[in-house]
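*Asks:* So the chains spell out like this:
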Amino acid sequence: MTANDEELLSALVDGELQGEALDRAIALLSTDQTARERFQRYQLASNVLHGQAIGHQQGDITQQISAAIADEPVHSVTPVQAKAVPETPTADVLTFPERFWKQTVGLAVAASFGALAVVGTMTQPDYAVMPAASMAAVEAIPVPNVVVAQQQVAPVPVVTVAVQESGNRWTVTEQAIEDRLNVYLVDHNEYAGASDIFSNARVIAYESGR
Amino acid sequence: MSVDQELVQRVQAGDKSAFDVLIMKYQQRIINVITGFVHDPIEAQDVAQEAFIKAYRAIPNFRGDSAFYTWLYRIAINTSKNHLTARARRPPAMDVDATEATNIFDAPELKEFETPESNLVSDELEQAIHQAIDALQEDTATAIKLREFEGMSYEEISEAMECPIGTVRSRIFRAREAIEQKIQTIMGEGEQQ
Numbered sequence: 001m002t003a004n005d006e007e008l009l010s011a012l013v014d015g016e017l018q019g020e021a022l023d024r025a026i027a028l029l030s031t032d033q034t035a036r037e038r039f040q041r042y043q044l045a046s047n048v049l050h051g052q053a054i055g056h057q058q059g060d061i062t063q064q065i066s067a068a069i070a071d072e073p074v075h076s077v078t079p080v081q082a083k084a085v086p087e088t089p090t091a092d093v094l095t096f097p098e099r100f101w102k103q104t105v106g107l108a109v110a111a112s113f114g115a116l117a118v119v120g121t122m123t124q125p126d127y128a129v130m131p132a133a134s135m136a137a138v139e140a141i142p143v144p145n146v147v148v149a150q151q152q153v154a155p156v157p158v159v160t161v162a163v164q165e166s167g168n169r170w171t172v173t174e175q176a177i178e179d180r181l182n183v184y185l186v187d188h189n190e191y192a193g194a195s196d197i198f199s200n201a202r203v204i205a206y207e208s209g210r
Numbered sequence: 001m002s003v004d005q006e007l008v009q010r011v012q013a014g015d016k017s018a019f020d021v022l023i024m025k026y027q028q029r030i031i032n033v034i035t036g037f038v039h040d041p042i043e044a045q046d047v048a049q050e051a052f053i054k055a056y057r058a059i060p061n062f063r064g065d066s067a068f069y070t071w072l073y074r075i076a077i078n079t080s081k082n083h084l085t086a087r088a089r090r091p092p093a094m095d096v097d098a099t100e101a102t103n104i105f106d107a108p109e110l111k112e113f114e115t116p117e118s119n120l121v122s123d124e125l126e127q128a129i130h131q132a133i134d135a136l137q138e139d140t141a142t143a144i145k146l147r148e149f150e151g152m153s154y155e156e157i158s159e160a161m162e163c164p165i166g167t168v169r170s171r172i173f174r175a176r177e178a179i180e181q182k183i184q185t186i187m188g189e190g191e192q193q
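Protein sequence lines correspond, in order, to chains P and Z.
Heads up, the first sequence is in the numbering used here, so the first residue is 1 and it goes up one at a time.
Heads up, the second sequence is in the numbering used here, so the first residue is 1 and it goes up one at a time.
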């Protein structure tokens, strides 16, 4: 093997061979065991430099695979056939990446679901959104104010619903404090956690009369 | 057209020796990938053989929409999983994306399969290669660094270093010769032990 041959193998590792030079390299590797070993070591060095660790001492499995595929039929697909795509007349259509359609469909589904939920909530009686288990307790407690705010832009509709009793709520007895709390909650509803469906609406409540 | 594409087209046209070149080029990386699934090195080589044979059979259908190595990598992963399933062992829970294929051992879920001995070999090789590069003449060292670390083509390197492509090719070859000698020394020591 000459120095030129070795240089050829080095260029093959770098993918810098075409046409006749590639023919020569293939022929060299097919016939010369030293060339094979040299090529493998060049490739090994390149792999290591690219951060691909060598897990263990590896043998050359080329011969075994060559022997295994020796009886396989020789392919006869020409490069032109391999690349050929049946050409059909097509109109000029704007194509979007697959990701675009996935996102669009996802948004549409989320919007539909959100709209259904909002319409469903608005058309039901107020107590229908209550958990069944808390309905009895609702009868006994005063009904507090609950505000549904639309990002502080739309007029604020006032809806009354009951809230389940819990042991760690504030007790509001004075009307002035109650009014101030109402204003505070409405003003700060934008800081409430966002949800996918009710991203523009927040249910704000506190328990009064306890 | 890349060398891989040209080699694939030659295989598709009936040149089996072109497939040998693809095996030589990628067998180390494919065996490394498979070793992440199949711990035993000998078993990993058997699975790699199976993967390459599958690739040869399927190569008429390879249209070049992805890089050849990406395609081969997927075949290797599937073959490994099928192998483990056939042996009633569970494949690793985490799959590895094909885009990570070039840095497969950076993946922590595969790292665990390496042994201290194998890490030692890799580290030793890497150190020796860097020492060899440091000992090179400046032009030669720059050429190999631009090629291997920056991934530049010969044409880009010739522009960057303001020299003909033939000179770039020679410099990179000389660098590889020096590296190769270091590798041979390490491999020789390894075989003696």
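The set of hints was computed from the structure by calculation and includes no laboratory data.
Only a predicted model underlies this, so the values are computations on that prediction, with no experimental measurement involved.
Here a beta-carbon is modelled for each residue, glycine too, at the ideal position from N, C-alpha and C.
Do not rely on the hints blindly, as some may be mistaken.
[Claimed, not checked] DEER-style ranges, computed between Cβ atoms:
| no. | chain 1 | residue 1 | chain 2 | residue 2 | range |
| --- | --- | --- | --- | --- | --- |
| 1 | P | Ala117 | Z | Leu84 | 42 to 48 Å |
| 2 | P | Asp71 | Z | Gln137 | 46 to 52 Å |
| 3 | Z | Asn61 | P | Ala3 | 17 to 23 Å |
| 4 | P | Ala3 | Z | Thr85 | 37 to 43 Å |
| 5 | Z | Gln131 | P | Arg24 | 38 to 44 Å |
| 6 | Z | Ala58 | P | Met122 | 54 to 60 Å |
| 7 | Z | Glu138 | P | Ser76 | 36 to 42 Å |
| 8 | P | Val118 | Z | Asp65 | 17 to 23 Å |
| 9 | Z | Asp46 | P | Gly51 | 25 to 31 Å |
| 10 | Z | Leu84 | P | Ala68 | 20 to 26 Å |
| 11 | Z | Gln127 | P | Gly59 | 21 to 27 Å |
| 12 | Z | Ala86 | P | Leu116 | 44 to 50 Å |
*Asks:* Provide an ascending list of the numbers of those earlier hints which the structure does not satisfy.
*Replies:* Result: hints 3, 4, 5, 7 and 8 break, sorted rising.
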